[in-house]
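Colleague: Sequence:
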Amino acid sequence: MSYSLSSIQVPIAEPMKAFEGKFRQFMRSKVMLLDTIMNYIIQRKGKQMRPMFVFLSAGVMGEINEKTHRGAALIELLHTATLVHDDVVDDSNYRRGFFSINAIWKNKIAVLVGDYLLSKGLLLSIENDDFDLLKSVSTAVREMSEGELLQIEKARKLDITEDIYFDIIRKKTATLISACCAVGVQSVGASEEYVQIAREFGDRVGVAFQIKDDLFDYGDAEIGKPLGIDIKEKKMTLPLIYSLQHTSSSTKKRIIHLIKHDSENPQSVREVIEFVKNTGGLEYATQRMHEFAQEAREILNKFPESTYRNSLHDLLGYTIERNK
1 MSYSLSSIQV PIAEPMKAFE GKFRQFMRSK VMLLDTIMNY IIQRKGKQMR
51 PMFVFLSAGV MGEINEKTHR GAALIELLHT ATLVHDDVVD DSNYRRGFFS
101 INAIWKNKIA VLVGDYLLSK GLLLSIENDD FDLLKSVSTA VREMSEGELL
151 QIEKARKLDI TEDIYFDIIR KKTATLISAC CAVGVQSVGA SEEYVQIARE
201 FGDRVGVAFQ IKDDLFDYGD AEIGKPLGID IKEKKMTLPL IYSLQHTSSS
251 TKKRIIHLIK HDSENPQSVR EVIEFVKNTG GLEYATQRMH EFAQEAREIL
301 NKFPESTYRN SLHDLLGYTI ERNK
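Residue numbers are given in the working numbering: position 110 of the sequence shown equals residue 110, and the series is strictly consecutive.
A portion of the hints provided could be inaccurate.
Claimed, not checked - Only pairs whose alpha carbons sit at most 27 angstroms apart, straight line, appear in this in silico BS3-like list of lysine-lysine:
(1) 154 x 235
(2) 154 x 212
(3) 30 x 108
(4) 260 x 232
(5) 252 x 232
(6) 157 x 232
(7) 172 x 234
(8) 302 x 67
(9) 157 x 277
(10) 154 x 252
(11) 212 x 252
(12) 302 x 277
(13) 154 x 47
(14) 30 x 17
(15) 106 x 232
(16) 45 x 212
(17) 22 x 47
(18) 67 x 172
(19) 234 x 252
(20) 67 x 135
(21) 172 x 120
(22) 108 x 157
(23) 30 x 106
(24) 45 x 67
(25) 30 x 45
(26) 277 x 232
(27) 120 x 22
(28) 47 x 235
(29) 172 x 260
(30) 106 x 135
(31) 154 x 277
(32) 277 x 234
(33) 234 x 260
(34) 277 x 252
(35) 154 x 260
(36) 67 x 22
(37) 135 x 47
(38) 277 x 260
(39) 235 x 260
(40) 135 x 120
By construction, these hints were calculated from the structure, which means they are not laboratory data.
I would like the entire structure built from these sequences, with the hints used as guidance.
Modeller: Below, the structure written as structure tokens:
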């Protein structure tokens, strides 16, 4: 089945359109340089999936309101801050096909911009007494940092097991989508029971989403990152972990040696990709992705039936069937 973001957005078309203007207002600065950079960031916005999760989750449990908009803005501000800082850490000059902030304005300004975005998000919540939203999002940012550091620690030894892999992606990716869903239902005053259900739904969606991203590393789709980039960066993803667990010790040693010492060599990267393809790594990862997606569907059915719930169901489908 084919899913389109335009049809998924139908129940929240008006709030999403209003959000663009509100978000610009939230990011505004009296410092001309900052305002220029904020406008550049807004122009580079992607598919807006995070605000979609916030607004659809809110609509499932109540009426979308100003607190919902502040929650979506808080998510975007803090997440954008982490991306700006990530580009500095990774010395990356591009993001989504555009020049990164550090590529244009250099590292010092990029770090300060990230700090500015973080402070804007914190103040937005504090000034409106949105402490429940702030707690949800701050917890997600903490876990994202822990996930990144855990992945860096394990990349040095390449000793990631499947359990550790899921711990990393839950912290790095799933926790933010989980926070989006929690913030949405919190913004309309839902009970803690439904906040927890929303968190669990977002967690399963986030895990499935990241596995899909991992699969892109072995395919030919135009996805905004080069083929084999995870291998070059010594990231142990699910297809590779499975394949290493289901091969001979000699082959395992050879593949690990290639990743550790020769991952800049295109021929070595191609060899690792072929190894994973030939040992069932892609099929296994795809199977696990669909398992998490099915868990998400079952959790979603605990919410009242509505057009918002239907769109969340389709947004889940989009995350695992997208081409980039």
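Colleague: For this structure, which hints from the list above don't hold up?
Modeller: 12, 13, 22, 30
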